[in-house]
Structures are given as structure tokens and as C-alpha cells.
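Undergrad: Chains as they are written, first to last, in this note's numbering: chain S, 1 to 109; chain R, 1001 to 1121.
Source of the hints: derived by calculation from the structure; they are not laboratory data.
Treat the hints loosely; a few may be bogus.
Said to hold, decoys possible - Each pair of labels, with its calculated beta carbon distance range:
1) 1026/R to 17/S: 15 to 23 Å
2) 47/S to 1020/R: 46 to 54 Å
3) 1002/R to 57/S: 18 to 26 Å
4) 27/S to 1061/R: 29 to 37 Å
5) 8/S to 1018/R: 17 to 25 Å
6) 5/S to 1003/R: 30 to 38 Å
7) 62/S to 1002/R: 33 to 41 Å
8) 16/S to 1051/R: 29 to 37 Å
Said to hold, decoys possible - In silico negatives: residues of chain S with every beta carbon more than 10 Å from chain R:
9) 7
10) 12
11) 48
12) 60
13) 73
14) 107
Where a beta carbon is used, it is the ideal one built from N, C-alpha and C, also for glycine.
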Amino acid sequence: GQQVMQIPQYQHVQEGEDFTTYCNSSTTLSNIQWYKQRPGGHPVFLIQLVKSGEVKKQKRLTFQFGEAKKNSSLHITATQTTDVGTYFCAGLSNYQLIWGAGTKLIIKP
Amino acid sequence: GAVVSQHPSWVICKSGTSVKIECRSLDFQATTMFWYRQFPKQSLMLMATSNEGSKATYEQGVEKDKFLINHASLTLSTLTVTSAHPEDSSFYICSARPSVWAQVRQHSPLHFGNGTRLTVT
């Protein structure tokens, strides 16, 4: 079946270091959405990418959608404690939203 | 912005009892709502898609007689866990898609409720 692989599962960073999570789909996606879930909370919609090769920025967050519309990445520059949480990608294919497993961002004490 | 209210936020029940969870879209209409289950440190697992005025569509492996879904209005969907057992303990989250996006299916961000943590003893 259709799958969206997301890696890594966890990423430990020092505050101030960068963070990146990657999603790769087995099929071409209509769009890809990114969500953030804080510990104990619910997923919150961050952004949606629709066009091939699209790049969008939200302050320190940069989102990319691959040319083939099968992969995407989220890059956070200079992480802060407020960035802690799990970041999920969700790809839309055949009107179904397929979720990645999530990448948990952990700030080292 | 679009707000989804989910109630209760947590519930403890005894094995064999039923629990109803409500999901309301507060400031928009939602033709479609989704029910997810999330185990600790895992991703969201779609259980079923709830459509206003029609039967819910269940994902493979989800028992429709155990997880009853009712979507009686454009702002309310309910999930009832019937004859709950300890293995049903989990975090249940609903999400809603504003009806206005229904005409443009490619642009459909989801708005999530706060989730319900169910513990069955």
C-alpha cells in the first residue's frame, strides 16, 4: 500500500543546532502537509506544499517539496526549546492523507 | 482560526463499559471528520472517516461495531468505544476538515481536537 517514510525517528540536538526531518513517499503526492505535536498535545497544522519543487519558509523553519512530489523535508535553523515536539508529514494521495511516523525533536540539556 | 473542541480530555472507565467522545467544530462546518488513535511514541493511526449524514468509513482492521461513529450534524461527530477493554486504552484524536475546502480537495488542512486519553481499568 501507499506509505510515507519519515526519518529519523528521533533527533537529539543542542539548543542552537539545526534540525532536519525527511519524508519519502512511495507514490506521487498531490500535496504534503506538516504538523507539529507538542508533548501531551495534539497535532497542529504548520504548512502545506502543493507545487513541485516548492520551498516555503516560516521564520526559522524551511519546508521543501521535491521536484517529483514524492519527498519533502523540514529544516529548523538554530533550534530553540520551543521547537521541542514531534513533527509529522502527511501526504495527500488519491484524496487520502498518509501520515509519516514522525520525528521527535529533543533538545539536549 | 478554526477550532475543534474534543470532550472529554481524559476518561477512566471500567472494563466492559462504553465511553462516548465528542468532537465539535466550533466556528466552521465540517462535512468530514476523522478519528485517529495514537499509541505512546507512535504516529497517528486513522481509524475511520466520519461523513455527515452517512455511514462512517472504517479503516481495515477497525471494528465498526466496537467503535461506533455518529456524525449527526455539520459540527458534531461522536465516537463511542463499546464494551471497552484495557487494550483500548489509548489517545484518541479527532480532526475536522472545513466544508469550504470540500470543493477543492487538494487544499485540505486538518484541524485537530485536543485529544481524549482513555484508560480502561
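Undergrad: Would you mind marking each hint as holding or not holding in the structure?
TA: Now the hints, each set against the structure:
One distance hint, 15 to 23 Å for the beta-carbon pair residue 1026/R and residue 17/S, is violated here, with the actual separation near 39 Å. Look at residue 47/S against residue 1020/R: about 34 Å separates their beta carbons, and that is not inside 46 to 54 Å. Between residue 1002/R and residue 57/S the Cβ separation comes to about 23 Å, which falls inside the hinted range of 18 to 26 Å. Evaluation of the 29 to 37 Å hint for residue 27/S and residue 1061/R yields a failure: the beta carbon distance comes to about 21 Å.
Distance hint for residue 8/S and residue 1018/R: a CB-CB separation of about 40 Å, inconsistent with the stated range 17 to 25 Å. A C-beta distance of roughly 32 Å is found between residue 5/S and residue 1003/R, which places it inside the suggested range of 30 to 38 Å. The hinted window of 33 to 41 Å between residue 62/S and residue 1002/R is violated, with their beta carbons roughly 25 Å apart. Distance hint check for residue 16/S and residue 1051/R: the Cβ-Cβ separation is about 47 Å, which falls outside the suggested range of 29 to 37 Å.
For residue 7/S, the non-interface assignment is confirmed: its Cβ lies about 13 Å from the closest Cβ of chain R, beyond the 10 Å cut-off. Its beta-carbon lying about 15 Å from the closest one in chain R, residue 12/S satisfies the requirement of being farther than 10 Å from that chain. The non-interface label for residue 48/S is inconsistent with chain R: the shortest C-beta to C-beta separation is roughly 6 Å, within 10 Å. Distance to chain R confirms residue 60/S as a non-interface residue, since its nearest Cβ pair spans about 21 Å, more than 10 Å.
The beta carbon of residue 73/S is kept farther than 10 Å from every beta carbon of chain R, the shortest such distance being approximately 18 Å. Distance to chain R confirms residue 107/S as a non-interface residue, since its nearest Cβ pair spans about 17 Å, more than 10 Å.
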